[in-house]
Amino acid sequence: DAGVIQSPRHEVTEMGQEVTLRCKPISGHDYLFWYRQTMMRGLELLIYFNNNVPIDDSGMPEDRFSAKMPNASFSTLKIQPSEPRDSAVYFCASSLGEMNTEAFFGQGTRLTVV
Amino acid sequence: DAKTTQPPSMDCAEGRAANLPCNHSTISGNEYVYWYRQIHSQGPQYIIHGLKNNETNEMASLIITEDRKSSTLILPHATLRDTAVYYCIVRVGYRDDKIIFGKGTRLHILP
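Chains as they are written, first to last, in my numbering: chain A, 9 to 122; chain B, 20 to 130.
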């Protein structure tokens, strides 16, 4: 398996534009996580899914952020409208829900909002 | 919130053992200690986990105190490629238990 695949790797957009980040989890994994990382706040869990259903979205900063998982092999994180303070590295991770399995992280998407 | 306390940074000479401490004084009986690391610009990578017995794998060893209130991750022969931020995480490790990262320890391996 190629691991967790995120796209794009880098995204530069203007304030007010819609941004969509994409994630393909490892085949067979039933949990998917979205994280955001900044220097100031570190790694923050935004939302996670189990079997394509959102379980906990308490980390989503505000209504401008939304995440979907239409099927087991694809998830999106959308920011609309984007703001400069959304600039960060966004990571997607997936895991099995069985006892003590590890989470596998993608390489991240570096988002810059100007 | 993270349930662990780690020193913000540490240095270790290349070839020596790196010992990274972690305090988790409020750990519950069913919670495991996990370690991940993040090399610059990459996603976090799983290293090892344990409940109460010492654990070893090809990457590292994990020593957990008898009262389980603290642990130490040991990289036996540190190399420059081990320079990274190391995160100690306490979690049940099952089903809907979230992975919450604290600030971690930034480990510098010195040539």
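Rather than coming from a laboratory, the hints here were simulated on the basis of the structure. Fair warning: there could be bad hints in the mix.
[What the hints assert, rightly or not] Facing chain A, a subset of chain B residues (Cβ under 10 Å, in silico):
hint	residue
1	55
2	60
3	64
4	65
5	79
[As the list claims (entries may be wrong)] FRET-style restraints, in silico, Cβ to Cβ:
hint	chain 1	residue 1	chain 2	residue 2	range
6	A	92	B	40	26 to 32 Å
7	B	75	A	36	23 to 29 Å
8	B	93	A	28	23 to 29 Å
9	B	61	A	30	31 to 37 Å
10	A	120	B	61	43 to 49 Å
Each residue gets a CB set at the ideal place from its N, CA and C atoms; glycine is no exception.
TODO: Hints the structure violates: just list their numbers, smallest first.
DONE: Violated hints: 5, 6, 8, 9 and 10; rest satisfied.
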